[in-house]
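K.L.:
Sequence lines, in order, name chains A and B.
Quick note: the first sequence, position 170, residue 170 per this note's numbering, numbers continuous.
Numbering-wise, this note's numbering comes out as the position in the second sequence, counting from 1, plus 1000.
Careful, some of the hints might be misleading.
As the list claims (entries may be wrong) - Rough simulated footprint, nothing fancy, chain B against chain A, three-plus residues with beta-carbon under 8 Å:
#1 292-306
#2 342-354
#3 376-384
What the hints assert, rightly or not - Here are the simulated EDC-like pairs of lysine to aspartate or glutamate, each with C-alpha atoms no more than 16 Å apart in a straight line:
#4 303(A) / 358(A)
#5 256(A) / 358(A)
#6 1049(B) / 1080(B)
#7 1120(B) / 1072(B)
#8 378(A) / 1020(B)
#9 390(A) / 1047(B)
These aren't lab readings, by the way, just hints derived from the structure by calculation.
Glycine residues also receive a C-beta, built at the ideal position from the N, C-alpha and C atoms.
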Amino acid sequence: MKTINFDHFAATKMRPEVKSAMEPFFIEEYGNAQSIHNLGDAPREALDKARVQAASLFNCASNEVIFTSSGSESNNLAIKGAAFARMAQGKHIIVSGIEHFSVLNAVKSLTKLGFEFTALPVDKDGFVNPDDVKNAMRKDTILVSITHASNEIGTIQNIKEISEIVHGFGSGAYMHTDANTSCGFIETDVKELGVDMLSAAPHRFYGPKGAGLFYLKKGTRIMPLIDGGVQEFGRRAGTENVAAIAGAGAACELAKNELNKRREYLLPIQKHIIDTVLSSIDEVYLNGSRTNRLPNNINFVIKYIEGESILMWLNNSGIMVASGSACTSKILKSSHVLTAIGVDAALAQGSLLISLGEDNTMEDARYFTEQLPPIVQKLREMSPLYEEAKSGK
Amino acid sequence: MPVYSEKVMDHFQHPRNVGEITDADGIGELGNPTCGDIMKIYIKVKDDKIEDVKFKTFGCGAAVATSSMVTELVKGKTLEEAEKISNAAVAEALDGLPPVKMHCSNLAADALHLAIEDYKSVKAGKGHIAKVETCDHEHEGLDELEHA
Ligand code: FES
């Protein structure tokens, strides 16, 4: 049976170009990029090249790119790094309620050290209202971190407008955006976005696991989370993962060249799935904005049934999806993003999260839309909630 | 999906005794406080034996499998035997469940016991028992911090 990956937010298949960029650095060019002798040359050049490739994707200078181990590390570096560097100026941080856990749990951890945070609400499509940012700003606000696009509902925020508010307020607060989901699929031009810091995750766009990207605007002060040597301009010590970084660079170059192509390829597939599912199954809802949305994300709630059961049946048909239901989460709580956009707990149980990638075809989309309705029917026939709803009518 | 045993997968994909019994002698319905799921078990009793049993479940793979298993375990059993079926026995009959899914088996056995209680209450002329919103087990092992 064919495996259809509709869960690209979990993993994308590395591109051959990425793999070949990495290959020399496992065995042949095993040197340490910090060595002055000849063994350090090729690894150092690889890092330089990757930095230029990432900088070109972000439209920044190459010395504004810092390599980390993951998107989560980049988010932690932004939040904790800025908080520790600027705690003399203030201890207030603003985030949205739909941030990734690497942002939310980072600010929660900081409260144990006396920091405070405001988690802004979002509307039913998942948008942060820029006026709410304005009203939440305080004299002691040192950092605002709002996700570029939600990893669950795909809603793209108006980061440019929010950045202008943050910088216009005059408290000297930094603006960070978590672009771990958006980067590689929509523009992440840091000048256009007006941000001081940005996180990106190459493994989400056909790069390798084990490397993360962090943009740090010149003059932005952060304290390193890993102290040690001079690697990454002293912002992140530790011997560089040269192979992964070389791969990350290659993935950035591909992203830069293919951004428009990717969107044009994915949009019709996304549209087919959304339109067909909404029209062929009753009591199904699309979460997130219909228009201002990542081209690779789809999030449905299907009433009266539970996500893990849907996921398991689809898995049986060779289709890999994710769900925000409580049963699928390791902590048995339904998705905080769905809760934030006002989806009630029972409804959130029927959550289905699809993330598309370049290996998906229109044929996959059609196969999925044929497989789903009978699965929904089967589970609904088994559902006491469906029975109640039907008998109530 | 390696987290579940083959038996769980079998009961999930081919659940036994799904449905409702319109003239049931006892109905047990239970909601799960941990994850918000719901299980409903119908029994038909004759000569103190569970002559027929059916279930409906809104929940995860483990919830479907444990409901299916519990109905299979009690079909044809006396009420006394059925009352003794524990959550652990259901999980064991399925060759175990991942720790995070143990609460789903609580739901299945508890719903069955409620159905028996309901039957007895009606038989004693006291009418149906009220629908129970949650099961009363401790749900441990949940981290204070959240993880994606
Ligand atoms: S029913 Fe929710 S985790 Fe099993």
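K.L.:
Each hint: holds or not?
P.N.:
Hints, one by one, checked against the model:
{"no.": "1", "hint": "292-306", "verdict": "holds (count 3)"}
{"no.": "2", "hint": "342-354", "verdict": "holds (count 3)"}
{"no.": "3", "hint": "376-384", "verdict": "holds (count 4)"}
{"no.": "4", "hint": "303(A) / 358(A)", "verdict": "30 Å, violated"}
{"no.": "5", "hint": "256(A) / 358(A)", "verdict": "15 Å, holds"}
{"no.": "6", "hint": "1049(B) / 1080(B)", "verdict": "9 Å, holds"}
{"no.": "7", "hint": "1120(B) / 1072(B)", "verdict": "21 Å, violated"}
{"no.": "8", "hint": "378(A) / 1020(B)", "verdict": "14 Å, holds"}
{"no.": "9", "hint": "390(A) / 1047(B)", "verdict": "33 Å, violated"}
Violated hints, listed in ascending order, are 4, 7, 9; each of the other numbered hints is respected by the structure.
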